[in-house]
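Enquirer: Okay, here's what each chain looks like letter by letter:
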Amino acid sequence: MSKKMKKLMAVLLCFAMLFSVTSVAQAKEDTADVKQVSIGFIGWGYTDTLGAAYKEYFDYIAEEFGMNVTLVAGTTQEEHISLAEDLIEAGVDGILAYQVTSPMMKLCDEAGVYLMQFGSPITDEDIQANLDGSDYWLGTSSVDDYKSGQNMVEALYEDGCRNMVVLGVAAGNPCHDLRWNGIMDKAAEYDDMTVIGEYRGGTAAAQEYSDQVQNFVAMYPEMDSIAMTGASSGNLDAVLSALDTVGMTGTVKLATLDVQEGTDTYLEEGSLLFIGGGQHPEVIFLAILMADIIRGSLDMGGEEVSLVGQFINIVGTDGYEEFKKYIMDDFPYYIEELKAVSTSFNPDTSYQELYDLWNSYSLDDVETRHAK
Amino acid sequence: MSKKLSNIVKCLILPIAVYVIFFVFSKGRFGSLPGMLAIGRQFVLYCLVGWALMHNQLMGVWDFTPGAVVALAGIIGGNIALSTNTGVAGLVVFCILSAVTLCLLTFFVFHFLKIPSMICGLGMVLIYEMLTTQLFGGTGVKLTKDITLLAKSPYCYVVLAVAGIILYILFNFTKNGANTRSLGYGQDIAMSIGVSLTKTRLKNFIIEGIFLGLAAVISSSQRGSIAPTLNMSTLSLGFDAIMGVFIGLNLVNNCNLVVGIVIGTFTMKMVSAGLIAMGLDSNLQSVAQGLFLLVFIGISSNKDAVSKYFADKKKSAEILAKIKA
Amino acid sequence: MEKEVILKCTKMCKSFGPTKALVDVDLVVNRGEIRGLIGENGSGKSTISSIVAGVLPYDSGNIEFLGKPHKPADMLEAQQAGISMVVQEAGTIQNLTVMANIFVGKEERFSRGLFLDKKAMKKEAQQILDEIGASHIRADDSIMRYNFEDRKLVEIARALYEKPELLIVDETTTALPHKGREVLYRLMKKQAKENRAVLFISHDMDELMDNCNAITVLRDGRLIATLNEDEMSIPKMRSLMIGREISDEYYRTDLDGSFGEEVVLKAEHLSAGEILEDFSFELHRGEILGIGGLSDCGMHDLGKAVYGAVKLLTGKVIYKDGTEIKSPAAAVSKKMGYVSKNRDIESLILSSSITSNVALPSLNKLQKGVYLSAKDEEALTNEQIKEMSIKCENGAQTVDNLSGGNKQKVVFGKWIGNKAEILILDCPTRGIDIGTKVAMYKLMYRLKQEGRSIIMISEEIPELIGMSDRIIVIRDGKLSGILERSDTLNEHSVIECML
Numbered sequence: 001m002s003k004k005m006k007k008l009m010a011v012l013l014c015f016a017m018l019f020s021v022t023s024v025a026q027a028k029e030d031t032a033d034v035k036q037v038s039i040g041f042i043g044w045g046y047t048d049t050l051g052a053a054y055k056e057y058f059d060y061i062a063e064e065f066g067m068n069v070t071l072v073a074g075t076t077q078e079e080h081i082s083l084a085e086d087l088i089e090a091g092v093d094g095i096l097a098y099q100v101t102s103p104m105m106k107l108c109d110e111a112g113v114y115l116m117q118f119g120s121p122i123t124d125e126d127i128q129a130n131l132d133g134s135d136y137w138l139g140t141s142s143v144d145d146y147k148s149g150q151n152m153v154e155a156l157y158e159d160g161c162r163n164m165v166v167l168g169v170a171a172g173n174p175c176h177d178l179r180w181n182g183i184m185d186k187a188a189e190y191d192d193m194t195v196i197g198e199y200r201g202g203t204a205a206a207q208e209y210s211d212q213v214q215n216f217v218a219m220y221p222e223m224d225s226i227a228m229t230g231a232s233s234g235n236l237d238a239v240l241s242a243l244d245t246v247g248m249t250g251t252v253k254l255a256t257l258d259v260q261e262g263t264d265t266y267l268e269e270g271s272l273l274f275i276g277g278g279q280h281p282e283v284i285f286l287a288i289l290m291a292d293i294i295r296g297s298l299d300m301g302g303e304e305v306s307l308v309g310q311f312i313n314i315v316g317t318d319g320y321e322e323f324k325k326y327i328m329d330d331f332p333y334y335i336e337e338l339k340a341v342s343t344s345f346n347p348d349t350s351y352q353e354l355y356d357l358w359n360s361y362s363l364d365d366v367e368t369r370h371a372k
Numbered sequence: 001m002s003k004k005l006s007n008i009v010k011c012l013i014l015p016i017a018v019y020v021i022f023f024v025f026s027k028g029r030f031g032s033l034p035g036m037l038a039i040g041r042q043f044v045l046y047c048l049v050g051w052a053l054m055h056n057q058l059m060g061v062w063d064f065t066p067g068a069v070v071a072l073a074g075i076i077g078g079n080i081a082l083s084t085n086t087g088v089a090g091l092v093v094f095c096i097l098s099a100v101t102l103c104l105l106t107f108f109v110f111h112f113l114k115i116p117s118m119i120c121g122l123g124m125v126l127i128y129e130m131l132t133t134q135l136f137g138g139t140g141v142k143l144t145k146d147i148t149l150l151a152k153s154p155y156c157y158v159v160l161a162v163a164g165i166i167l168y169i170l171f172n173f174t175k176n177g178a179n180t181r182s183l184g185y186g187q188d189i190a191m192s193i194g195v196s197l198t199k200t201r202l203k204n205f206i207i208e209g210i211f212l213g214l215a216a217v218i219s220s221s222q223r224g225s226i227a228p229t230l231n232m233s234t235l236s237l238g239f240d241a242i243m244g245v246f247i248g249l250n251l252v253n254n255c256n257l258v259v260g261i262v263i264g265t266f267t268m269k270m271v272s273a274g275l276i277a278m279g280l281d282s283n284l285q286s287v288a289q290g291l292f293l294l295v296f297i298g299i300s301s302n303k304d305a306v307s308k309y310f311a312d313k314k315k316s317a318e319i320l321a322k323i324k325a
Numbered sequence: 001m002e003k004e005v006i007l008k009c010t011k012m013c014k015s016f017g018p019t020k021a022l023v024d025v026d027l028v029v030n031r032g033e034i035r036g037l038i039g040e041n042g043s044g045k046s047t048i049s050s051i052v053a054g055v056l057p058y059d060s061g062n063i064e065f066l067g068k069p070h071k072p073a074d075m076l077e078a079q080q081a082g083i084s085m086v087v088q089e090a091g092t093i094q095n096l097t098v099m100a101n102i103f104v105g106k107e108e109r110f111s112r113g114l115f116l117d118k119k120a121m122k123k124e125a126q127q128i129l130d131e132i133g134a135s136h137i138r139a140d141d142s143i144m145r146y147n148f149e150d151r152k153l154v155e156i157a158r159a160l161y162e163k164p165e166l167l168i169v170d171e172t173t174t175a176l177p178h179k180g181r182e183v184l185y186r187l188m189k190k191q192a193k194e195n196r197a198v199l200f201i202s203h204d205m206d207e208l209m210d211n212c213n214a215i216t217v218l219r220d221g222r223l224i225a226t227l228n229e230d231e232m233s234i235p236k237m238r239s240l241m242i243g244r245e246i247s248d249e250y251y252r253t254d255l256d257g258s259f260g261e262e263v264v265l266k267a268e269h270l271s272a273g274e275i276l277e278d279f280s281f282e283l284h285r286g287e288i289l290g291i292g293g294l295s296d297c298g299m300h301d302l303g304k305a306v307y308g309a310v311k312l313l314t315g316k317v318i319y320k321d322g323t324e325i326k327s328p329a330a331a332v333s334k335k336m337g338y339v340s341k342n343r344d345i346e347s348l349i350l351s352s353s354i355t356s357n358v359a360l361p362s363l364n365k366l367q368k369g370v371y372l373s374a375k376d377e378e379a380l381t382n383e384q385i386k387e388m389s390i391k392c393e394n395g396a397q398t399v400d401n402l403s404g405g406n407k408q409k410v411v412f413g414k415w416i417g418n419k420a421e422i423l424i425l426d427c428p429t430r431g432i433d434i435g436t437k438v439a440m441y442k443l444m445y446r447l448k449q450e451g452r453s454i455i456m457i458s459e460e461i462p463e464l465i466g467m468s469d470r471i472i473v474i475r476d477g478k479l480s481g482i483l484e485r486s487d488t489l490n491e492h493s494v495i496e497c498m499l
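Residue numbers (UniProt numbering), protein chains in the order written: chain A, 1 to 372; chain B, 1 to 325; chain C, 1 to 499.
Note that these hints are calculated values from the structure, not bench results. Check each hint, because a few of them may be wrong.
[Unchecked claim] Covered stretches of chain B, as calculated for chain C (at least 3 residues, CB under 8 Å):
id, stretch
1, 89-102
2, 192-201
[Claimed, not checked] Mimicking DSSO-like on lysine-lysine, the simulated pairs with C-alpha atoms at most 30 Å apart in a straight line are:
id, chain 1, residue 1, chain 2, residue 2
3, C, Lys-122, B, Lys-3
4, C, Lys-326, B, Lys-3
5, C, Lys-448, B, Lys-308
6, C, Lys-71, B, Lys-114
7, C, Lys-123, B, Lys-313
8, C, Lys-122, C, Lys-326
9, B, Lys-27, A, Lys-6
10, B, Lys-314, C, Lys-311
11, B, Lys-324, C, Lys-266
12, B, Lys-313, C, Lys-478
13, C, Lys-320, B, Lys-303
14, C, Lys-311, B, Lys-324
15, B, Lys-322, C, Lys-311
16, B, Lys-313, C, Lys-311
17, B, Lys-4, C, Lys-478
Think of the CB as a built atom: it goes at the ideal place given N, C-alpha and C, for glycine as much as any other residue.
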């Protein structure tokens, strides 16, 4: 092969690598009547159910809300800092990230770019102290991962499960860590419930979960339940296929979070007892708040934003049909409903109204608003 | 003790030691028949991947793409099998064809661009993982239960046995196997004699593709689906299999490499299961796994040095006694 | 009767960059001949053999073999045409069986459909091993079970399996002990007797005289002369090789085996390796102490043990100031140097430059604080290039491009450059041409006269007798005899101690 061809191949390879590390999606150019706001969104990826839902929702609202949203993805803190740098270079007005760190805050301070965290509150005191000193730190949103972890165990316990295995993502992922802690703490509250084993794998650990579930079933015949911190990336299918392979479908119950395709079948079979999900509107509320603050239509008076939402929980087959209808196959909040709580479009509204709207999120709430 | 018996003992020392250690420390939880059968089902996948890597690794090619190839071939093969309604047979055929194509692509990039295999492998992993998010709408594949038959025993063992026999023959009784060994142990000499590096590598990548295709069938059948993956998450499958090959290479003086890899991958899966049986928390599991690898690699790298140390000590004592006398 | 031509090279040329390795070489080899090929290092002998055997292509000219044009793409093709080669370096592949080594690249002749008939392979491999007198080697054994000599026999079996019309033996005998050489001579003679031919490359004039019926002399890439059996003589060969007369006396001519009283190095009760046991000796200032014995007697282990390069089972090596030498670093700090028998592996970093190699032991001396001056390294190297007459472009040239003799000069240069007072030389003239040998012997004598001390380990009895003040003979790892330099000392006395 000639030198030129080799160089060309090398360049193509580099391009492919860059492309795969940073999947970039851009919302359409805004044509709304408000000032254009450019927001960078740092997620972990947009191929899993939750990430795909984020993307879909941003695509839905961006143009209407005068937002230009740039979606990027990374997993490690170093990657996030690097992505933040790139977004600042690209000229964004604000960044939403799921792992805010002090170096990221410093970058934003220097560039005059606003910063918020979604997915979990700030738990590290040192980071919080750094954030408090910044004019560009706006706050966080989260769904109550810790409580959801507790809800999983509660559901299993109420179903009669007493010997539980816990599966989760390796420590370091804030959402999964909170879920894990919630699971463990709740299990400890019950005197007659035992965590008989645990396993923490990588972020795409489907094969590992499949293997370890089989090991647990073989070596812990008393096992009757599994609490898993996240069902995405094929984890749900892997765990339930493994149970099926060893003939434990319906005998060992699974509780997890992040609704996936095929959940209804698993709920009907009885192997999946509890699943929580539908938390994707969280980031939309945060983006709207950020845009309002950037435009100057909302003044927080130095107070930090702290949105708290809930998972929608499905236990047994109850509620799945509605969940699918109103949450998966539709947008839980329509444009007009969101505009009503955005000070950029409704100057009479307030932060509190937006907070209340999100905080009251539940299946009943959505059904009431969108009854079909 | 006859040489054959001595070799058998040397091969089985490691897995037996692992079994005993975990049996004792798990107070009997580890080592039951259901537990061993569970390990057996799991090890099929890793053994297939280890066998896939075998030829290339012997020739010094470190290929990190197996996990990505398994994922992508599973997605492509699975989707085509479902859309053509060709059942298990279709899944096998299309997964193998996809995997062979991907491995040939890796071969062309590696061999003709002359990029070191590790770096080439990592680059191809990124590309293949990216493709998992782009093909078929980025939804991966979800298999229906009727075509996941090969995940269950005894079918997975049948696949393993047939694959093992074919590989044993390929490696030990064909010209390509002979060429692989000669290039692996003495590349300069073999090439100067006229053994073709290009042809041998090409054939080995095709063999790798066939076995990774089978691995894709087993993996997708076991999991029921394969989701798109990024961020080099697929590397872990390759690492476990590489460890199995590494153990196999260490046993090469005592048994055939094909058999050595079986022993190696089964041992690695026993370790993984054993740590669960001991009830260790997740952090300790990782530490224990790392320690096992260090201890094993330390012992295997130094076993000759250890026996030499004791032999030298004995000899010097004898000589000193003669001098004093 | 006119002899039948088997190989005809016409105006053959080969260059490696600016270096002309072969210039218009016309070489004819006939059936029934054992043709010797002799020349200094860099004369082109191995280049010819490599081209004919298919290892290297040639730039221009013509080769005909068995009357047909010969331009093989690789060794396999050359073998298929009827030419096989055995080389000096190890040519077997580790971890394979003996039969796999014999048939490497030729497995398809044992193919039955897709599979190899290993039984047939084993049978044929054993047959050829039996034919060459190597029945003790089992075809299905791992090659790792066998020592260097036996592995060389396996290579010979590989070369002879095809019953080549032309067998090339390229400096193979240098690395073989006596028994192995005898086997090879026998096979070469058999080859000639069966009306085939042998191209025999060697530096050993005596073995060339004993075995060849014609000798071709090369110098600087050109064919100088071909001597038939009547014309062959060692002085004539030497003068044609070098282009000047060389007297027989290239060892030192004095019979004065005296040396200083001071003991510079003492070895007490040394035991090391497989064989060396309870060995003691003293080395004096200005002494050339020869160490001889059969090749497996333990003398090579002795050299390493004295230098601190192997772990001692018993005993110690003590420098004159009482310091125990336990490692090469300690040895170098006491101005000791070691020239290994395995030059390319243990004495030189082939991919590095001459400067890097020469300056290496002297880095402590050259560095100022933490700074190491490239200029100082260069100066040291240039001094040695001049002193040792190393043929090279400059110090930046990598060592792997040098001829064997020049490589050895680099090795010496690095120790002389470090002002080594004690030199341990293991087979210092192995595989180098006569011109370089003469230079090495002169150097050793000069060092002795300067008061430096040398331990010379050698498998060549004439060299031991020619250069040593004293000879210590080792047998089975133990001291067998000490012989003093005198006019009555001869090979017979040395051999008596060895056996």
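Enquirer: Of the hints stated earlier, which fail here?
Expert: 1, 4, 5, 7, 8, 9, 13 and 17
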